Amino acid sequence: MAFFFNVFVTGLASASSLFLAACGLSLIFGVTRIVNFSHGAFYMLGAYVAFTLTERLAGGFGFWAGVVLASAFVAGLAALVEMTLLRRIYAAHELLQLLLTFGVTLVVEDLVVLIWGPSDLLGRRAPGLKGAFNLFGQLSPTYDLLLMGLGPLTLILLLLLLHRTRWGTLVRAATQDREMVAALGVNQQWLFTSVFALGIFLAAFGGALELPRQAVNHTMDLQIITEVLVVVVIGGLGNILGTFLAAIIVSELNAFGVLIFPKISLVLVFLVMALVLVVRPWGLLGRAETATRGASGLQVLRWRPLQMRERLFVVIGIAIAALLPLVAGDYLLAVASEVLIFMLFAASLHLLVGAGGLVSFGHAAYFGLGAYGAGLALKQFGLSMPAGLVAGPLLGGVGALVFGWFCVRLSGVYFAMLTLAFAQIAWSVAFQWTEVTGGDNGLIGVWPSPWAATAGHFYWLTIALVAASVALLRVILFSPFGYALRALRDNELRAEAIGLSRHVVQWVAFAVAGAFAALAGALYAFLKGSVFPDNLAIPLSIDGLAMILLGGVGTVSGGLVGAAIYKSLSIWVISQTDYSKLVIGLLIVLLVSLFPQGVLGAVAARRDRPLAGEQS
Amino acid sequence: MKILSALYAGVTVAAALIGASGQVSAQETIKIGEINSYSGLPAFTEPYRKGWQLALEEINAAGGVDGKKLEVISKDDAGKPADAVTAANELVAKDGVVMLAGTFFSNIGLAVSDFAKQKKILFLAAEPLTDAITWSKGNRYTFRLRPANYEQAAMLAEEAAKLPAKKWATIAPNYEYGQSAVAVFKKLLSAKRPDIEWVGEQWPPQGKIDAGAVVEAIAKTEPDAILNVTFGPDLVKLVREGNTRGLFKGRAVVSFLTGEPEYLDPLKDEAPEGWIVTGYPWNAVSIPEHAAFLKAYQAKYNDYPRLGSVVGYSTLKAAAAILAKAKSTESEKLVDAAEGISVDTPFGKVTFRRADHQSTLGAFIGKTALKDGKGVVVDVAYRDGAKYLPPEAEAKSLRPQD
Numbered sequence: 000m001a002f003f004f005n006v007f008v009t010g011l012a013s014a015s016s017l018f019l020a021a022c023g024l025s026l027i028f029g030v031t032r033i034v035n036f037s038h039g040a041f042y043m044l045g046a047y048v049a050f051t052l053t054e055r056l057a058g059g060f061g062f063w064a065g066v067v068l069a070s071a072f073v074a075g076l077a078a079l080v081e082m083t084l085l086r087r088i089y090a091a092h093e094l095l096q097l098l099l100t101f102g103v104t105l106v107v108e109d110l111v112v113l114i115w116g117p118s119d120l121l122g123r124r125a126p127g128l129k130g131a132f133n134l135f136g137q138l139s140p141t142y143d144l145l146l147m148g149l150g151p152l153t154l155i156l157l158l159l160l161l162h163r164t165r166w167g168t169l170v171r172a173a174t175q176d177r178e179m180v181a182a183l184g185v186n187q188q189w190l191f192t193s194v195f196a197l198g199i200f201l202a203a204f205g206g207a208l209e210l211p212r213q214a215v216n217h218t219m220d221l222q223i224i225t226e227v228l229v230v231v232v233i234g235g236l237g238n239i240l241g242t243f244l245a246a247i248i249v250s251e252l253n254a255f256g257v258l259i260f261p262k263i264s265l266v267l268v269f270l271v272m273a274l275v276l277v278v279r280p281w282g283l284l285g286r287a288e289t290a291t292r293g294a295s296g297l298q299v300l301r302w303r304p305l306q307m308r309e310r311l312f313v314v315i316g317i318a319i320a321a322l323l324p325l326v327a328g329d330y331l332l333a334v335a336s337e338v339l340i341f342m343l344f345a346a347s348l349h350l351l352v353g354a355g356g357l358v359s360f361g362h363a364a365y366f367g368l369g370a371y372g373a374g375l376a377l378k379q380f381g382l383s384m385p386a387g388l389v390a391g392p393l394l395g396g397v398g399a400l401v402f403g404w405f406c407v408r409l410s411g412v413y414f415a416m417l418t419l420a421f422a423q424i425a426w427s428v429a430f431q432w433t434e435v436t437g438g439d440n441g442l443i444g445v446w447p448s449p450w451a452a453t454a455g456h457f458y459w460l461t462i463a464l465v466a467a468s469v470a471l472l473r474v475i476l477f478s479p480f481g482y483a484l485r486a487l488r489d490n491e492l493r494a495e496a497i498g499l500s501r502h503v504v505q506w507v508a509f510a511v512a513g514a515f516a517a518l519a520g521a522l523y524a525f526l527k528g529s530v531f532p533d534n535l536a537i538p539l540s541i542d543g544l545a546m547i548l549l550g551g552v553g554t555v556s557g558g559l560v561g562a563a564i565y566k567s568l569s570i571w572v573i574s575q576t577d578y579s580k581l582v583i584g585l586l587i588v589l590l591v592s593l594f595p596q597g598v599l600g601a602v603a604a605r606r607d608r609p610l611a612g613e614q615s
Numbered sequence: 000m001k002i003l004s005a006l007y008a009g010v011t012v013a014a015a016l017i018g019a020s021g022q023v024s025a026q027e028t029i030k031i032g033e034i035n036s037y038s039g040l041p042a043f044t045e046p047y048r049k050g051w052q053l054a055l056e057e058i059n060a061a062g063g064v065d066g067k068k069l070e071v072i073s074k075d076d077a078g079k080p081a082d083a084v085t086a087a088n089e090l091v092a093k094d095g096v097v098m099l100a101g102t103f104f105s106n107i108g109l110a111v112s113d114f115a116k117q118k119k120i121l122f123l124a125a126e127p128l129t130d131a132i133t134w135s136k137g138n139r140y141t142f143r144l145r146p147a148n149y150e151q152a153a154m155l156a157e158e159a160a161k162l163p164a165k166k167w168a169t170i171a172p173n174y175e176y177g178q179s180a181v182a183v184f185k186k187l188l189s190a191k192r193p194d195i196e197w198v199g200e201q202w203p204p205q206g207k208i209d210a211g212a213v214v215e216a217i218a219k220t221e222p223d224a225i226l227n228v229t230f231g232p233d234l235v236k237l238v239r240e241g242n243t244r245g246l247f248k249g250r251a252v253v254s255f256l257t258g259e260p261e262y263l264d265p266l267k268d269e270a271p272e273g274w275i276v277t278g279y280p281w282n283a284v285s286i287p288e289h290a291a292f293l294k295a296y297q298a299k300y301n302d303y304p305r306l307g308s309v310v311g312y313s314t315l316k317a318a319a320a321i322l323a324k325a326k327s328t329e330s331e332k333l334v335d336a337a338e339g340i341s342v343d344t345p346f347g348k349v350t351f352r353r354a355d356h357q358s359t360l361g362a363f364i365g366k367t368a369l370k371d372g373k374g375v376v377v378d379v380a381y382r383d384g385a386k387y388l389p390p391e392a393e394a395k396s397l398r399p400q401d
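Line by line, the protein sequences are chains A and B.
Okay, so the first sequence: first residue is 0 according to numbering that gives the first Met the number 0, each after it adds one.
Okay, so the second sequence: first residue is 0 according to numbering that gives the first Met the number 0, each after it adds one.
Everything labelled a hint here was simulated from the structure, so no lab data went into it.
None of the values given here were measured: they were computed from a predicted structure.
A hint or two may mislead.
The calculated DSS-like cross-link candidates involving lysine-lysine, where the alpha carbons are at most 25 Å apart (straight line), are [stated by the list, open to error]:
#1 B:118 / B:348
#2 A:262 / B:219
#3 A:378 / B:366
#4 B:370 / B:294
#5 A:129 / B:324
#6 B:366 / B:166
#7 B:207 / A:129
DEER-style ranges, computed between Cβ atoms [what the hints assert, rightly or not]:
#8 B:282 / A:432: 42 to 48 Å
#9 A:432 / B:60: 36 to 42 Å
#10 A:592 / B:282: 36 to 42 Å
#11 B:353 / A:404: 44 to 50 Å
#12 B:339 / A:380: 33 to 39 Å
#13 A:304 / B:332: 54 to 60 Å
#14 A:116 / B:396: 43 to 49 Å
#15 B:341 / A:64: 57 to 63 Å
Glycine included, every Cβ here is placed at the ideal spot set by N, Cα and C.
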């Protein structure tokens, strides 16, 4: 009995530490509606800066001064980032802010290695709290007591701030309806900046508090960001108390879970999130999101199918592209194939995000399922490549059907997070089910049939399949089904009033997008000769979003252009430097700031400047 | 509109073409392609790079191989197997390398090894530890330098069998490396000591250990001894929590990799004491060849070598030795030359076995201790890899029979 109490207490300390890291994100999202992907990066930066400061400032007071100063410094940096970068894109598609914060994350990841070096840094222990206290015969770290106290204290302070101060009232009003707040004359800009700064202060504080518990290292941001996102979503976005409860639930489940089933930690948070979202679609204490009114001045680009002349140009373009093997070597052909594959992946995601308005954070799951389908067809069943190219999309399509049924019951960010949860669950299954998927050692030896084995032949196969798929996707987009999908995106209420079933249409779109992504995945498996759980992982999903955002989510072909640019750029940059993340991050930040509507969107906007023009 | 998109796509691909078009370099150099996770794990790969750069300098100063200078083209793999395959492709197809070397993570090592098999090019895997590279997924073109999981587990199991401990608990990261390290250690130790009981196991996700919960769960099972396979930041968390909660008091601990400077140095004065570890006591190595290496390394870099440095140095020396013996740059001749070749490394002479292409590079076993506020490894002994590998006939049967 005493033992279980000890486990419970340990869980509380972890919960506190998780809550401190997560509450800032909940606050930021609640007000600004930004899914702040850089939250983990600022958490890590807080830890690094606190390390430097605590090493310099001596004594007991020095440690705590160091922690607080570090948090304040990082908060100041964040305010700067918000003022210079984020403010420019508030009017744009809300995903663009996510992409920008993603770029900032990449930059910070390489910067910390550049500034602080590659080794892990062990910080000091908190003075006076180095030892352990005896709880029912078991030793527990004294520092845990401090954490357990700080968590609820921060919660109370935040709740007081939100409910008893004028600023807090404005923040809560903005959480409910930020357009109205602006309309009532509140300086929205300063409100957002202050909220962002406070949120990041809390994140950096959470990171700095980890100094006595772990070594500061450059992977801290990735370790924390998914947990934090999940906890915030489980609790209900924008609800601090919800975040607190979610942190406790997740940490306690983990603390007790490892006693029974030690491997559960890998997937526990996502299982909990999936369960919670299926039962309570807005998180434990969340509220249904009020429909945001479209920001004024948002460009409406009308989509139309290609005219005959444009179709001719497309065919000529593809014919020219097909001539590449005559001039290029094997490596360039492989790069071109990879770019084409990602163009298909982006096009499939565009069906969901651009046409359907359904932001998916877990699209890589279907890409990966396609890759595994192809790989398993070859390795488990001894079939050949054509069978693999059929098995992959089949598996991906089935997966998308199953996951999609649950996901389309939700909307907005919760939909996105549920797709993320399912993607992570798929990833954990691939990671753990070593007998079938090979675990993290993956499946190797997945090479194309001899007739497609040379780089040139495989390139032609890829061009053929990708061109056909993209054409098919366009046909779907401009079919009655596509119009129904867009109608539901633009005005759900009206669309349902005329008899369109949201669940059915969106579910089918999800499955179709999944199937095409899976085809891309199957091709990828044959291109690389191997399949790893990486193909299902979050970074790939985020890359997909980056591609369509860079190209222009409001355009039809934005995904294709964005994929071509993003993929060729990343391949080239990784080949040239060890600091590829820094370069790519800076480029993303630059591109997002310069082209908030995406590259293609900017072109279309410039061309049709006087009026909202047509676009294809 | 589609014209413009096609144009954009064309421009970017063209840019990639222009950017990627390398000049045809002079034929006097032999090019070796090297891939590693420079951005993903700089703590290991930076000393590793210093190691091979030192070796390259020494080889070229002595006239190169067969009168030709060696050139190493090094690429980062961003920590992903797919990008490693892209890098390998670039090195082979565009840069015209005669062999591939490097990689760190096991899954990347496997991906590149399979690529090498497909493209029929020699791949000298430096660091990946999974047994699969030379056994269950081994192929003709892949050779591996570092002692793998099996050998390290065997060395540690030998020491563990000497301990009086009967009840053992294991803590390992939940991925293939951790799983196979524990599996092999259990098998070998139970074979030596059938009386041993395995009372508990914990599998924290790699990089995300909840140290408090893990420590408590293990403490509950009341083991006499603990096997630890975690490393890096996970190890730091485990050590801190474990020490504070008294998990290691009165218990023997056997730990993989902890004695390597890359993992021991960050712990500073909180390094655990008395742990039986594999490691690299760079200032206490009595192997004669090591002294020259140490001197040259310190002279060039003004820093002490890490185990990564030894791996990088030895990898390039092995590559040069293979090229010299083959007197050709054709892959088949290189592979034939590499089988059974003996190479001089800072740890002495090392041979690449014919049967499974695994090198006999060994490891140091010792005990951790604190000295001058830093962790060190004492009571060290070098274990020759050859003694801890299964006999060649058995190893051959573990490989795919084709």
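Hints, verified against the model:
1. Between residue 118 of chain B and residue 348 of chain B, the direct Cα distance comes to roughly 30 Å. Violation of the 25 Å bound is thereby established for this hinted pair.
2. This hinted pair checks out: residue 262 of chain A and residue 219 of chain B have alpha carbons roughly 17 Å apart, not beyond 25 Å.
3. For the given pair, residue 378 of chain A sits about 44 Å from residue 366 of chain B by alpha-carbon distance, which is inconsistent with the 25 Å threshold.
4. A distance of roughly 23 Å separates the Cα atoms of residue 370 of chain B and residue 294 of chain B; the hinted pair therefore holds under the 25 Å criterion.
5. For the hint pairing residue 129 of chain A with residue 324 of chain B, the CA-to-CA distance comes to about 59 Å; that exceeds 25 Å, so the pair is violated.
6. A distance of roughly 21 Å separates the Cα atoms of residue 366 of chain B and residue 166 of chain B; the hinted pair therefore holds under the 25 Å criterion.
7. For a cut-off of 25 Å, the pair hint linking residue 207 of chain B to residue 129 of chain A stands: about 23 Å separates their Cα positions.
8. Judged by the Cβ atoms, the range 42 to 48 Å given for residue 282 of chain B and residue 432 of chain A holds: they are separated by roughly 45 Å.
9. In this structure the supplied range 36 to 42 Å is violated for residue 432 of chain A paired with residue 60 of chain B, their Cβ-Cβ distance being about 51 Å.
10. Distance hint for residue 592 of chain A and residue 282 of chain B: a CB-CB separation of about 51 Å, inconsistent with the stated range 36 to 42 Å.
11. Between residue 353 of chain B and residue 404 of chain A the beta carbon distance is about 56 Å. The supplied range of 44 to 50 Å is therefore violated.
12. Checked against the hint of 33 to 39 Å, the pair residue 339 of chain B and residue 380 of chain A passes, with Cβ atoms roughly 38 Å apart.
13. A hinted range of 54 to 60 Å holds for the C-beta pair residue 304 of chain A and residue 332 of chain B, which are about 59 Å apart.
14. Hint check: residue 116 of chain A to residue 396 of chain B, Cβ distance near 46 Å, so the stated range 43 to 49 Å holds.
15. Between residue 341 of chain B and residue 64 of chain A the Cβ separation comes to about 60 Å, which falls inside the hinted range of 57 to 63 Å.
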